[in-house]
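Chains as they are written, first to last, in our numbering: chain A, 279 to 708; chain B, 279 to 708.
If you are wondering where the hints come from, they were derived from the structure by calculation, not from laboratory data. One or more hints might be untrue.
[Claimed, not checked] Output of the computed footprint for chain A on chain B, the stretches with three or more beta carbons under 8 Å from beta carbons of chain A:
(1) 400 to 408
(2) 414 to 426
(3) 648 to 658
[Claimed, not checked] Heads up, incomplete: computed chain A residues facing chain B, CB under 7 Å, no partners named:
(4) Ala365
(5) Gln368
(6) Ala371
(7) Val392
(8) Gly396
(9) Pro511
(10) Leu530
(11) Met532
(12) Val655
(13) Asn658
(14) Arg701
(15) Arg707
Heads up, the beta-carbon is just placed ideally off N, CA and C, and yes, glycines get one too.
Protein chains: 2
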Amino acid sequence: MTAPLKTIESSGDLTGIMQVLGRNAKVAAHTLALASSEAKNAALKGMAGAIRARKAEIIAANKEDLAEARKANLSAAMLDRLTLDEARVQAMADGIEVIGALPDPVGTVMESWVRPNGMTIERVRVPLGVIGIIYESRPNVTADAGALALKAGNAAILRGGSDSLRTSRAIHAAMAEGLRAAGLPEDAIQLVPTRDRAAVGEMLTGLNNTIDVIVPRGGKGLVARVQAEARVPVFAHLEGVCHVFIDKAADLEMARKIVLNAKMRRTGVCGAAETLLVDRAAASKQLKPLIEMLIGAGCEVRGDKTVQAADRRVKPATEEDWSTEYLDAIITAKVVDDVDAAIAHIERYGSHHTDAIVTDDSNTAEKFLREVDSAIVLHNASTQFADGGEFGFGAEIGIATGRMHARGPVGVEQLTSFKYRVRGTGQIRP
Amino acid sequence: MTAPLKTIESSGDLTGIMQVLGRNAKVAAHTLALASSEAKNAALKGMAGAIRARKAEIIAANKEDLAEARKANLSAAMLDRLTLDEARVQAMADGIEVIGALPDPVGTVMESWVRPNGMTIERVRVPLGVIGIIYESRPNVTADAGALALKAGNAAILRGGSDSLRTSRAIHAAMAEGLRAAGLPEDAIQLVPTRDRAAVGEMLTGLNNTIDVIVPRGGKGLVARVQAEARVPVFAHLEGVCHVFIDKAADLEMARKIVLNAKMRRTGVCGAAETLLVDRAAASKQLKPLIEMLIGAGCEVRGDKTVQAADRRVKPATEEDWSTEYLDAIITAKVVDDVDAAIAHIERYGSHHTDAIVTDDSNTAEKFLREVDSAIVLHNASTQFADGGEFGFGAEIGIATGRMHARGPVGVEQLTSFKYRVRGTGQIRP
Numbered sequence: 279m280t281a282p283l284k285t286i287e288s289s290g291d292l293t294g295i296m297q298v299l300g301r302n303a304k305v306a307a308h309t310l311a312l313a314s315s316e317a318k319n320a321a322l323k324g325m326a327g328a329i330r331a332r333k334a335e336i337i338a339a340n341k342e343d344l345a346e347a348r349k350a351n352l353s354a355a356m357l358d359r360l361t362l363d364e365a366r367v368q369a370m371a372d373g374i375e376v377i378g379a380l381p382d383p384v385g386t387v388m389e390s391w392v393r394p395n396g397m398t399i400e401r402v403r404v405p406l407g408v409i410g411i412i413y414e415s416r417p418n419v420t421a422d423a424g425a426l427a428l429k430a431g432n433a434a435i436l437r438g439g440s441d442s443l444r445t446s447r448a449i450h451a452a453m454a455e456g457l458r459a460a461g462l463p464e465d466a467i468q469l470v471p472t473r474d475r476a477a478v479g480e481m482l483t484g485l486n487n488t489i490d491v492i493v494p495r496g497g498k499g500l501v502a503r504v505q506a507e508a509r510v511p512v513f514a515h516l517e518g519v520c521h522v523f524i525d526k527a528a529d530l531e532m533a534r535k536i537v538l539n540a541k542m543r544r545t546g547v548c549g550a551a552e553t554l555l556v557d558r559a560a561a562s563k564q565l566k567p568l569i570e571m572l573i574g575a576g577c578e579v580r581g582d583k584t585v586q587a588a589d590r591r592v593k594p595a596t597e598e599d600w601s602t603e604y605l606d607a608i609i610t611a612k613v614v615d616d617v618d619a620a621i622a623h624i625e626r627y628g629s630h631h632t633d634a635i636v637t638d639d640s641n642t643a644e645k646f647l648r649e650v651d652s653a654i655v656l657h658n659a660s661t662q663f664a665d666g667g668e669f670g671f672g673a674e675i676g677i678a679t680g681r682m683h684a685r686g687p688v689g690v691e692q693l694t695s696f697k698y699r700v701r702g703t704g705q706i707r708p
Numbered sequence: 279m280t281a282p283l284k285t286i287e288s289s290g291d292l293t294g295i296m297q298v299l300g301r302n303a304k305v306a307a308h309t310l311a312l313a314s315s316e317a318k319n320a321a322l323k324g325m326a327g328a329i330r331a332r333k334a335e336i337i338a339a340n341k342e343d344l345a346e347a348r349k350a351n352l353s354a355a356m357l358d359r360l361t362l363d364e365a366r367v368q369a370m371a372d373g374i375e376v377i378g379a380l381p382d383p384v385g386t387v388m389e390s391w392v393r394p395n396g397m398t399i400e401r402v403r404v405p406l407g408v409i410g411i412i413y414e415s416r417p418n419v420t421a422d423a424g425a426l427a428l429k430a431g432n433a434a435i436l437r438g439g440s441d442s443l444r445t446s447r448a449i450h451a452a453m454a455e456g457l458r459a460a461g462l463p464e465d466a467i468q469l470v471p472t473r474d475r476a477a478v479g480e481m482l483t484g485l486n487n488t489i490d491v492i493v494p495r496g497g498k499g500l501v502a503r504v505q506a507e508a509r510v511p512v513f514a515h516l517e518g519v520c521h522v523f524i525d526k527a528a529d530l531e532m533a534r535k536i537v538l539n540a541k542m543r544r545t546g547v548c549g550a551a552e553t554l555l556v557d558r559a560a561a562s563k564q565l566k567p568l569i570e571m572l573i574g575a576g577c578e579v580r581g582d583k584t585v586q587a588a589d590r591r592v593k594p595a596t597e598e599d600w601s602t603e604y605l606d607a608i609i610t611a612k613v614v615d616d617v618d619a620a621i622a623h624i625e626r627y628g629s630h631h632t633d634a635i636v637t638d639d640s641n642t643a644e645k646f647l648r649e650v651d652s653a654i655v656l657h658n659a660s661t662q663f664a665d666g667g668e669f670g671f672g673a674e675i676g677i678a679t680g681r682m683h684a685r686g687p688v689g690v691e692q693l694t695s696f697k698y699r700v701r702g703t704g705q706i707r708p
């Protein structure tokens, strides 16, 4: 049982508080690892129900957070991310139910084989353990991340933004109700009960024997800090400098559709394209219409000399532009000699997140898919598909560009580890 | 091309040396990631050939290392680990050929599925990148680890024991010859060219943006240091405190066979049993014969009161004994109330490495396999099967007890990462 929040907040012993959270999480993880799918799903259903039932309470807490945030002159974008209305609370509850309906990864046999001596070996999924989630102003992460961790049998320690602490607390109370009703430990999902920013440092280094993986959810500053300081593995991407390469064998209509979608569908997502590369052999036909289309859609285009020559509204691109994640209606454009030059550009300036080629030449496509070293590579499809939901994972906790354990959209399966079960009939080793 | 060894050794700029190694490894990793299976296998074949051809040279270098080690009063065990004779050199070359004959994991499609919009998604294995291997006196690790990293398309930075530097260099020269002959970059496998012990620290922290994973191979001191200091992921186990639990429904003959093998086949391996747990309900029949058998085989038994009562030669076990990895002909033995008590004991004192149950009751066996949180759990088989070769992996770089990425025997597949290849026909995201 967690000690009352006020006591902890006023104690001032942050390291002590965090160590208690860590121990609680370890104990809860042990129970969760053996919890049945039914119990976990009942808890998730209970959480969704409790969030709906406590809607007024959650929105009231959110109004208090918002009032304070306005006083503190938070930006309009941050206020928007912080705001919960009825629809957003509803979406949060629905999201938990979607996670509940996913297949339970724990206990799944990933592989099995029989050895010449008759022993059978199974590789079976087990939970990872304790997941630390550090996020900024979006309070809905409290629900999403907590639910996803629980589904995979993990305990979660959540550190939300200090601007949204009241809201996160109200959501967390609903989640605790769901856990209690299902007979699971409340400490399965703990919220760091203090605004003290040093709590983040404690999670990154002080709890390195407790937290198995840290997932940062927020802006570049947060992710960079977590990647630089964490003594535990991190699932994250610092940025998504995503490319679309239009090969000489691309269909112009398909190229238009994909480029427009990759850049403009939503400019603020990590899978949004930031650079358009056009094959020199296709530039005479493709470049002008693509640039006109982008500018016509309200996108600023920054380009090299050739691209500037194609349309006078194109601004010059600086060296820095090629590796910039705009998250806005801005794109850089460049003419490259061929697919090799496109791959070399992506390797040099990209962020190993998501990159696409448009071409009708399957050899060129296969070369691109093989040689581009990114978490997601696409042929004739929009980079905006970089999303766990679009991959069919049901839900994701984020997208990772690291190479260890998880890469690309991190769904419930990537929040598991595995072990080997060996069944014999008395075999001994010669 | 690596700068000449002597120049580097005398420069004294260790950080600079290590940064050069890191950059070389990154460049080589890029080439290796796209190298064909044929080229990698040709390099491995060439390495094996070169090791055989340079046998005399390798053994001469080893003699120099041994002479110096004797002067430095290294223990007999360490001298044995350091020694290479014709048979050991031959075994090293054979081992590289075994790795060459394994299937190439790179490019393997792990999963593929079709989305409702018609896009196909493939999850395909790619190399991890750069693997750092830190080992002690066994110079054969130079060959084993370098070959295994290469097979999975990774670059390797090897830091061998300073006692075996001449031997490692001679082996490394043969490996470089194999790489050259196959047209692969020599920097695919680099040996840290200095005895300066600070090189280990540089690998653990200074190269954290270069090295993707560190594998320590050696004693507990080395592994503990690497685990404590590394800023990159580590594949390792600190110790193997492995248990055999004899359930009340165990067959006595099978129990005898398995306990004897698990403890005494080789006492110095990490999968050797260190504790015997006997179900109270079976103790009257099983305990005495098992203890007598162990003592008869030359094993010291340390036990609780009940075990001491069963045989007067049993010594009392201290609290510390229960969590000690003897790596010797010593075992602790305890009578426990039931399978739950056995599982609780293993959780409390074990090292999450390898644990076994002997029973004819399949329900009890399944409970044990499910609830014991170890990398490897076995039913009716010896703990000494904890080995990549015995699992059918062909070769292993070690056994991991961590939960991230790799767990249990780390074979060539665990030295890979993956990416997603998406193939569309013009799909855009709604």
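Outcome of the hint check:
1. 400 to 408: holds (count 3)
2. 414 to 426: violated (count 0)
3. 648 to 658: holds (count 10)
4. Ala365: Violated: closest Cβ of chain B sits about 19 Å from A:Ala365, beyond 7 Å.
5. Gln368: 21 Å, violated
6. Ala371: 24 Å, violated
7. Val392: 9 Å, violated
8. Gly396: 10 Å, violated
9. Pro511: Because about 5 Å separates A:Pro511 from the closest Cβ in chain B, which is inside the 7 Å limit, the hint holds.
10. Leu530: 12 Å, violated
11. Met532: 4 Å, holds
12. Val655: Result: holds, 6 Å to nearest chain B Cβ.
13. Asn658: At 4 Å from the nearest chain B Cβ, A:Asn658 passes the 7 Å test, so the hint holds.
14. Arg701: 5 Å, holds
15. Arg707: 4 Å, holds
In the structure shown, a violation is registered for the earlier hints numbered 2, 4, 5, 6, 7, 8, 10, in ascending order.
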